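Numbering (the working numbering), first residue to last: 38 to 375.
Fair warning: there could be bad hints in the mix.
Said to hold, decoys possible - So the derived label-pair ranges between C-beta atoms look like this:
1) Pro265 <-> Glu101: 25 to 35 Å
2) Asp188 <-> His148: 21 to 31 Å
3) Asn323 <-> Leu228: 42 to 52 Å
4) Gln347 <-> Glu273: 19 to 29 Å
5) Gly202 <-> Val339: 12 to 22 Å
6) Arg225 <-> Glu101: 27 to 37 Å
7) Ser242 <-> Gly304: 49 to 59 Å
It is worth saying that the hints were derived from the structure and are not from the lab.
Computed from a predicted structure; not experimentally measured.
Every residue gets a Cβ at the ideal spot worked out from N, C-alpha and C, and that includes glycine.
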Amino acid sequence: MDNHTNGPIEDVGVVLGVDGGTTNTVCVCLPYGSTGQVKCLSRAVAGSSNRNSVGENAAMETLENVMKEALSMAERDWSEVRAVCLAVSGVNHPSDQKRLLDWLRMKFPSHVKFYVENDAVAALASGTMGKLHGCVLIAGTGSIAYGITEDGREARAAGAGPVLGDWGSGYGIAAQALTAVIKAHDGRGPLTRLTDNILKELQLSSPDEVIGWTYADASWARIAALVPVVVSSAIEGDEVANKILHESVCDLADCVIAVVRRLQLCGEDGKGRFPLVMVGGVLESNKKWDIGKEVTKCISKVYPGINPIQPEVEPAVGAALLAWHMCTKEGKTVQNGT
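With the hints as constraints, model all of the structure from the sequences given.
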């Protein structure tokens, strides 16, 4: 992280970066005057803060608790905070931002700068070390592609949740696998190794029990946790599992392609280079069935200038870097909601 001042910055506070996902929420605390390599004073972890998944009250409680814990671990208090970046999944509309900004105003002193966005922004910043330019693909419990140009134009694709077609997400992959088990059981679909593998994973004795297990808990993360079973079944040669993964690869690639096309991140001729930050458990490397690698190959057929980046820091640190840049007059800022 570059220091653009003429001299050392006195340690006069901290910045908070929050990556709020559908599965868990991470908050890191960085010293406001830090220079050079990123130095985290503390890191706290809590549950989901996606209001669409757990409800608004539970989401707000999670956000407050995780920030409180990070400050406590760093032996700091609310008065020492200079900027906060909340990057939370489920923030999809200005009204979502306003709700969180109003809430932040009640928690922090008036001098604190706030930045509220979708968690995709923090994920992008984690790969570009705070510079908002390029595209990010997140494929974890949920999925979204988000892009921004150097002049601030933005675009996104997917991220609307499993009901509205995020089939490349962890939830989408696992939900299709559970559906395949039911279809195989009642004769609507082909037999699949997914049946035995999922029953073993869930410690169930019959596909009929899958129905009760599925609806016993509405948590998206609980369903998405079955992705490794789908991948292992595909590696074993199961055609149904392989088809699910191949279609998911196409879905994720299409999301990125749509964003790149709308923003012309590759230039008018489509051959320019652009950074693609890839984040999320679904995209983590598996040498025998590497979903992330297959997505990259698919995108490169359309946009050969793709420059895939595996972040060296986590999205919460990306959020903190954005908060730090707000204090140094860099990046896109939102000060007390203005």
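Results of checking the hints against the structure:
1. Distance hint for Pro265 and Glu101: a CB-CB separation of about 32 Å, consistent with the stated range 25 to 35 Å.
2. Evaluation of the 21 to 31 Å hint for Asp188 and His148 yields a pass: the beta carbon distance comes to about 29 Å.
3. For the hinted restraint 42 to 52 Å between Asn323 and Leu228, the CB-CB distance of approximately 24 Å leaves it violated.
4. The hinted range of 19 to 29 Å is satisfied by Gln347 and Glu273, whose Cβ atoms lie roughly 27 Å apart.
5. Checked against the hint of 12 to 22 Å, the pair Gly202 and Val339 passes, with Cβ atoms roughly 20 Å apart.
6. Taken as a hint, the range 27 to 37 Å is violated for the pair Arg225 and Glu101, whose Cβ atoms sit roughly 46 Å apart.
7. Between Ser242 and Gly304 the C-beta distance comes to about 57 Å, which sits within the given range of 49 to 59 Å.
In the structure shown, a violation is registered for the earlier hints numbered 3, 6, in ascending order.
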